[in-house]
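Residue numbers (our numbering), protein chains in the order written: chain S, 1 to 157; chain E, 1 to 671.
Bear in mind the hints are in silico, worked out from the structure with no lab data behind them.
Backbone N, C-alpha and C fix where the C-beta goes; we use that ideal spot for every residue, glycine too.
Fair warning: there could be bad hints in the mix.
Calculated pairs, DSSO-like style, for lysine-lysine (alpha carbon to alpha carbon, straight line, at most 27 Å) [unchecked claim]:
{"no.": "1", "chain 1": "E", "residue 1": "Lys463", "chain 2": "S", "residue 2": "Lys134"}
{"no.": "2", "chain 1": "E", "residue 1": "Lys508", "chain 2": "S", "residue 2": "Lys87"}
{"no.": "3", "chain 1": "E", "residue 1": "Lys179", "chain 2": "S", "residue 2": "Lys48"}
{"no.": "4", "chain 1": "S", "residue 1": "Lys136", "chain 2": "S", "residue 2": "Lys77"}
{"no.": "5", "chain 1": "S", "residue 1": "Lys149", "chain 2": "E", "residue 2": "Lys179"}
{"no.": "6", "chain 1": "S", "residue 1": "Lys120", "chain 2": "E", "residue 2": "Lys120"}
{"no.": "7", "chain 1": "S", "residue 1": "Lys95", "chain 2": "S", "residue 2": "Lys120"}
{"no.": "8", "chain 1": "S", "residue 1": "Lys87", "chain 2": "E", "residue 2": "Lys120"}
{"no.": "9", "chain 1": "S", "residue 1": "Lys149", "chain 2": "E", "residue 2": "Lys213"}
{"no.": "10", "chain 1": "S", "residue 1": "Lys77", "chain 2": "E", "residue 2": "Lys134"}
{"no.": "11", "chain 1": "S", "residue 1": "Lys95", "chain 2": "S", "residue 2": "Lys149"}
{"no.": "12", "chain 1": "S", "residue 1": "Lys134", "chain 2": "E", "residue 2": "Lys213"}
{"no.": "13", "chain 1": "E", "residue 1": "Lys508", "chain 2": "S", "residue 2": "Lys120"}
Stretch-level coverage of chain E by chain S, calculated; a stretch enters the list once three of its residues show a Cβ under 8 Å from a Cβ in chain S [unchecked claim]:
{"no.": "14", "stretch": "106-118"}
{"no.": "15", "stretch": "182-192"}
{"no.": "16", "stretch": "197-209"}
Simulated restraints on C-beta separations [what the hints assert, rightly or not]:
{"no.": "17", "chain 1": "E", "residue 1": "Ser183", "chain 2": "S", "residue 2": "Gly36", "range": "36 to 44 Å"}
{"no.": "18", "chain 1": "E", "residue 1": "Gln393", "chain 2": "S", "residue 2": "Glu106", "range": "18 to 26 Å"}
{"no.": "19", "chain 1": "E", "residue 1": "Arg175", "chain 2": "S", "residue 2": "Lys136", "range": "47 to 55 Å"}
{"no.": "20", "chain 1": "E", "residue 1": "Glu255", "chain 2": "S", "residue 2": "Ile8", "range": "32 to 40 Å"}
{"no.": "21", "chain 1": "E", "residue 1": "Glu458", "chain 2": "S", "residue 2": "Val114", "range": "32 to 40 Å"}
{"no.": "22", "chain 1": "S", "residue 1": "Asp28", "chain 2": "E", "residue 2": "Asn97", "range": "51 to 59 Å"}
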Amino acid sequence: MGKFDIKIDKVGDLSKIQITGVIDEDVDFSQHKISGSGKLELDLGGVKSINSCGIREWIKWLGDAGQAPVTYLNCPKIIIDQVNMVKGFLPAQGKVASFYVPYYSESSGTEENVLFVHGKEFTDNGVNPPAEVKDKEGNVMEMDVVEDKYFRFLKKA
Amino acid sequence: MILGYVGIRLDHFGLEFGAVKPIRDLMAGPAILIYEDDESQAQALVAAFTRAGFQAYNSTRADEVKEMIESKKIRYLFVDCLLPGMSGVDFVASIRNQYPSEVLDVILMSGIFTDAIFMKDAIRLTQAISFLKKPFGIEDALRLVKADEEPKAKSEYIPRKALYSIFSKDKISLREKRKVIESLEEIHGYDLPFIYSLLIESKMSGHLNIVGKNGEVSGISFSQGAIVAVDIADQETLLGNLLIESGFVLPEDLEPFISVSSPKKMGERLIHGSVLSPHAFNIVLSSQMSIRLSRTIINSSVTINFVETEVEFTMPQIDSDSLLKFLHDWVAGKITLEWLKTHYLQWGSQKLAPGPLYSDSNPALEMPIVSSMQDFVKSVTSGLTVNEMADSQKFPEESFYKAIHFLLLKGLLIILESEKIVAQKDLSKYLKKIETQFQGRNKFEVFDMMARITSVSEAEPQKVYSTFLAMIGENKELDAPEAKAARKKISDLAKESFEFARSGNREKLQEEMAKLQLEARLKAQSQFEEAKNSLQRAQYAVALQLIEKAVAVEPGLEKNKILLAWAKLGLLESGVSKPGVSLKSVQMDLIQVAPEDKFDALFSFVTGLYCRATGDLLGAKKAFEKAVNMDSTMIVARRELTKTVGQSGAKKDVMNRDLKDLVSNFFSKKK
Chain S
1 MGKFDIKIDK
11 VGDLSKIQIT
21 GVIDEDVDFS
31 QHKISGSGKL
41 ELDLGGVKSI
51 NSCGIREWIK
61 WLGDAGQAPV
71 TYLNCPKIII
81 DQVNMVKGFL
91 PAQGKVASFY
101 VPYYSESSGT
111 EENVLFVHGK
121 EFTDNGVNPP
131 AEVKDKEGNV
141 MEMDVVEDKY
151 FRFLKKA
Chain E
1 MILGYVGIRL
11 DHFGLEFGAV
21 KPIRDLMAGP
31 AILIYEDDES
41 QAQALVAAFT
51 RAGFQAYNST
61 RADEVKEMIE
71 SKKIRYLFVD
81 CLLPGMSGVD
91 FVASIRNQYP
101 SEVLDVILMS
111 GIFTDAIFMK
121 DAIRLTQAIS
131 FLKKPFGIED
141 ALRLVKADEE
151 PKAKSEYIPR
161 KALYSIFSKD
171 KISLREKRKV
181 IESLEEIHGY
191 DLPFIYSLLI
201 ESKMSGHLNI
211 VGKNGEVSGI
221 SFSQGAIVAV
231 DIADQETLLG
241 NLLIESGFVL
251 PEDLEPFISV
261 SSPKKMGERL
271 IHGSVLSPHA
281 FNIVLSSQMS
291 IRLSRTIINS
301 SVTINFVETE
311 VEFTMPQIDS
321 DSLLKFLHDW
331 VAGKITLEWL
341 KTHYLQWGSQ
351 KLAPGPLYSD
361 SNPALEMPIV
371 SSMQDFVKSV
381 TSGLTVNEMA
391 DSQKFPEESF
401 YKAIHFLLLK
411 GLLIILESEK
421 IVAQKDLSKY
431 LKKIETQFQG
441 RNKFEVFDMM
451 ARITSVSEAE
461 PQKVYSTFLA
471 MIGENKELDA
481 PEAKAARKKI
491 SDLAKESFEF
501 ARSGNREKLQ
511 EEMAKLQLEA
521 RLKAQSQFEE
531 AKNSLQRAQY
541 AVALQLIEKA
551 VAVEPGLEKN
561 KILLAWAKLG
571 LLESGVSKPG
581 VSLKSVQMDL
591 IQVAPEDKFD
601 ALFSFVTGLY
611 CRATGDLLGA
621 KKAFEKAVNM
631 DSTMIVARRE
641 LTKTVGQSGA
651 KKDVMNRDLK
661 DLVSNFFSKK
671 K
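So here's chain E without its partners, still in its complex pose:
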C-alpha cells in the first residue's frame, strides 16, 4: 500500500505533469459535489453522475459545501457562477485559500457570464479545469470527470517541463517543438542554453527575441542549425571597441569612420577603406558573437518569443559542434550548483538513460566536466534515477549535476518518463534534500525555490503552492518519524512563503533584500579589488582569502575564477601548502571560467602561469605572449614572459607559434 502510494505520488514529478491524484481515488470512485441554486438542474446532474457510478451530492449553501469538501472527500466541484450572496468565482477563490492543499477540480458553470474574457479570468482565478456554458449536455459534464479515469488524460501542462522532455520524445515534429517554445512564459536565463541547443539540433530558422527583467531586448538569429547573429544592447562589445582591444585597429584609424554616418556597416567600411583585413574582421566578429552569446546566460528571469522565418546563412556562425564548447563552458562556469540541484529535484525519481543523440564517440563525452570523472558515462546510463546517482556520492556533487546537465543539453542523456517506485527511506532522503535547500532562506527565497522546483511561474502563487504540496505528498502516508518531521517543516515553510507571496509584501521584501544585497555586493566588490592589488604585490595568501570571502557573497564577480587560479598558482610556486590549493583545483577553476572572460588578457596570463606550473614552458610562453599582445600595459605578463623565456632558453621562434596568433599579430597594429 505504501509503495503504491509513493509510486502514484511521484507521478507528479513526471514529464506528463499530472495533477494530484490522491490514494482515496483508487479505493473509491471520485466524489462529485454540485453547488447550484437551481435545484432541478443540480438533481439532474446528481442523477446522471450516480448512474455513471460516481458518488454525487448537491448543495445550495456555502457552509454546507465547505463542510462536504472535507467530510466527503470531494474530488470534483461543479459551481454555478451566479450564486446568492457570493459569486461562484469568489467562493472557489475562498475555498482555494482555506484549503490550499486540497485536491479539488473545479468546473464553473454559467448561462449568463459567457464572455470569453470573463471565462478566461474566472478559470485563471479559480484554477478551474473547465467552464461549462449553460445549457450544456450531461455528456459534456460526464466527459470531464470520466477523462480523469484515464491515465494522464487530465494532466496539467507545465511548459518548462515539456521543454526539458523534448529530447525524450521519440517522434516530435518541428511544429510541436515550436509550440513548446511558444507556450513558455517567463523562464530563467539558465534555461536558454537548452533552447539554443534545441533550436540548433532541430535546424530551425528564425529570431529568438529575449526580454530581460529590466526591459532590455536582445536576440539570437538561427539559420539551418546554426547561430548566425547575436544582438545584445551592450556598449562593451561594439565592434569598434573589440577591434581596438584586439589590436587590429588604432583608435585614431577608427575615428573618421565613427564620425561619418553611413548606411553601410562599420566592418564593410573599414575593409573598404583598407583599415582592416577581412580576416581580422572575421576573427573579431566571431569573438563578438561568442562574448555576446555568453552574456545572454544570466542568473535572472527572462521572457522569450521565437519568430520563425528564413534567415540568411552567414559567417561567422556557431553550429552544433561549436555550440558544444559553449554549452560546456556555461554549465561549468556560469550555471550554479544551487540552481541545478533545485532544477533536478522535480525529476529525482526518474531514471536517466542515453538520449537519441547518444553515441560512444560523441565529442561531448570527451569534454572535461564529463571526462574528468571515471566511469561517469557508464554509471549514468545504467538505469539509475537522478536521486540514486546523487545519493551514491560516487562522484563529487557539483561535477555530477553539471555533467548530467551538460549531457542533457546536448540530448545525449534523457530523463525517462516512467517513475521508479520509491521506498520510504528514499522519500525521507528526498524530503531531507528539500529541507536542506530551504534552510537559512527567508520566505521570499523559499517561495522562489518552490517555483523553480515545480517549474511553475512565480506569477501563479496558488499553482506553485498546490503543485509543491502534491510533490511532497501527505504526512499521514509517511512511516518514518524523521520523514514526517521533515515534511512538516517543509510544508509549514511552504505555507508561510505562499501566504507571504500572496500578501503583497513580497515586492516590499524584494526591495529591502535588494538594498541589503547591494550593500553586501559593494563590500564584496571592494574586497575583490583589494585582492587584485594583493595579487599584483604577490601577496597570494591574502588575495586568496579576500577572493573567497567576496565570492561567497557575490558568486558572479567578473573573472573571479581566473583570479582564484592566479592566487593558488602563486602559492604553489612559493611552495606554500594550503588545503584546497593544488594544480587539480586550479585546473577546475580554469575550466569554470566564464566563456566571455576567456577573451581577456588576464585569462591568457593565468593560463601561462598554469602551463609553467605543469612544466609546459612553451605553452606558458605562448600564453604570456598572447596576454602581452592583448594588453601591452600588463606588466606582470611581460615580467613572467621574460622569466619563462629565461627558464626555457627559448628564442623567439615563429615556427613554434600558433598560426592564428601569427596571423593575428601580422595584422595587429598595436605597438
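Just chain S, same shape as in the assembly:
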C-alpha cells in the first residue's frame, strides 16, 4: 500500500468509499470515477493528512458527484478543519454522519479522539458531548478544540 489508498464498493446505487493515508498532489482522483453514483458514503477515518493541493483535488473530484447525496463518516480533525474553512470541501448536498473530537488530559498529558455520531453525540440542532471522558489512568479529559470554531459546520447543516 502506498501513502494513499482508496477502496470503492458499489452496493446498488450506493458507492461506499474508504480513503486512507495522505491526500496531496500525488493523488490522482481521476482514476476513481464517482459520476453517476446515486449516493456516496465516504469513510475518512484513515486520512492522515491533507495539503492545499489535496484540498483542490478533493473539491474537483467531489464536484463529479453532481447532486448525489454525500455522507462523510469518521472524519478526523484535519477533515473537519477543512469542512469548516474551505467552501465546497463538504458539498452542498453533503452531511457529516460521524466525526472525531480531540480530548486532552492535563494530568497525564495524553490526547484521545472521541467519535461523535449523529443522533447520539450530536444532532442537526447541536452537540450533546459525553458526560465524561477519562484517560487510561481515570483522569477526566477536557475537550481540546475551540468549540465555536470546531462545531461551526453543524450550524451550516
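Assemble chain E onto chain S, guided by the hints.
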C-alpha cells in the same frame, strides 16, 4: 489615584488580554444583580453572595434591572434565559446595545434551554462569561465571581495577541504553540510571516493550509524547521513558465512534455529527457518557491489551519537562516507602515526587551533595516516602551516600526507582558495617535482599524467595540482638556462606526468603496504605464511625478520601487537636483523591493544603474548582463551594458563573473 487608574486600564493592552476592570472595583466589592422571575432562587443567590462579601441585588423587572445596572454600577448580571415577555438572551442583547461601553459580565442560567448549541449561541450573542445549567450549586456561581478577584483569572483570550506573545513565554510546549495556531480564526496576510517564522523556529512539521477571501486555497509545507514546498494557485509561477523565462528551456523543447500527460512530475521528465540539467532544475525550483512564498504575504485577510504531520525533508528548502532574508524583505517591501502602526498600538505601553533568540552576533542585526540605524539595537533593548521609542523620534518612524517588527518576527525582540504605569501626558499622546489614525477615514475604515487595534475579528462587532472602549479608557478619569477632546472624538467615531458595522450597511459601503477604489486604481495603473513609457524616453522628472501620484493611490503597484529608483537614478545622472532624490533614498527604495520582483530583469537593470552611480562599474556590468540574460529584448539594458563596458574598458572576463551566473549561462538555451 490617576496613575493607579491608568496602570490598571493599560492592563488591557496586555498580553493576558484582560477584560475591563474599572476603578470602582478597587474601591468596593463588585456588585451583583440577579434577574430571575423565580424569587426563591434569586433570594438564595443574593444571600450567598452577600455572605461572601459582595453587594448583591435581585429583580424581576426588565426596567428595574436596566436602571440598577447604571445606578448600582453592576458588575455581574445573572440572567435567567426564560423570562416573562422577553428571553434572557434578547434582554442581554438589548442591554449590550443600550450600554455598549458598560463593563458587565453576564452569566446566563437555564434549566430548560440546555442544548449545547443553544448554549454556545446564547453565549456568543450575549458575550456571557458562563452558562449555568439549573440546578447548580451555589459554589458554582461563587466560583465565577470570585475568580475575577484573582489577577488575570478572568482574562479574555484573544488568539492573535496570544500568537505574538509566544516568543515572550519562557517555557511553551509544541502542543501549546500548535493550540495557539489552531485557535486563530481570520488573520491578516501580514500576520503570515510571524506564523512561518514560528513554525520554522519550533521545528514543526506539517501543512499550513491558507484560504484567501476569494476562496482560493494555497499552502506551505514545513519539515523539521524548514519550508519544503509552497503551493499557490498561480499560473505565472508554473515551472514551465519559469524555465522558459530563465532561459533554461526553449518553448519548443517544452511543448512535447506539456502535451503528453504522465504521472511523473514535469521536472523529472525534463531531466530524464535530457532537456534540463538537475542543477538548472534546482535553481528554478528554488526561485519558484521564493516567488510563491512571497506572494502569500498579501494585504488582505486569510483563514488558516495547520495539519501537523510528517513531511518529507526535500530540497530545495528554506530554513531559518534563509527565511531571515525573506522576513527582512517582506517587512521592508510589503508590510505597510500604516498596518504596523495600527498593529503596535495595542502594545504601546509595554516594554521592549531582548528575546530568547537574541545574541549580539545574530545576522538579523546586520540586515539593512536594522543596521541602517545607528544605536538602534542599543536603544530598543534599553527598557523603553514601544510608545516611548516611537515618540522619541530618534529614528525615522517607518524604519523604527519596520525594524522592531523584523526583530520580533525572529524572536530577537519581545514585548514584555508587564505594563509601565503611564502618565497623563503619555495617555494624551496615545489618544492623539489614535485620533490621527482615524483622521480622514470613513466609518467602514475606522471600524476595520478598531478591529486591528484590538486584534478582535471584524465578525464580532460588539467585542471589537467594547474592547476598543476599554483601551481608550473613560473621559472622567482624564485630566488634560486636549486628552478629553481627543478621547471624545475617538469614542464618537468608534460608536458611529460600530453602529454602522452592525447595521448591515457595511457590506453595501464595502461594495461602493470597491467600485470607487477600482476607478482610482485604474487611473493609477494608467499613470503608472505612462511613467514606464516616460522612463524609456529618459523623461525622468515626469516619470517620477507620475509614479508618486500612482503609488499614493495604489501602494501595491507591481515593481513600483524599482521604477521609482530608476527615475531617481536617471535624475541623478542628469545632474538634476530634486528634494528626496539621493543615492541614499534609491538605496532605501531598492531595499524595499518586494522579494518576488527581485527575480525580474528590471530589478537587475536598475541595480546596474545604482552600482554605476556608486562607482561600482564591475557590479554594474554584471547586473546589466544579468538583465540581458533574463530578457534579451530589454534594449535599455543592452544600451547601458555597452555604455558601462565602454566606461570601464572592461573586457568580457569569465573570471570576474559570479559562479552562479556562469553556470546558469552555461545551461541557458536562450539565444
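Next item on the list: Could you check the structure against the hints above and give me the numbers of any it violates, in ascending order?
Entry: When the structure is compared with the hints, numbers 1, 10, 12, 13, 18 and 19 turn out to be violated.
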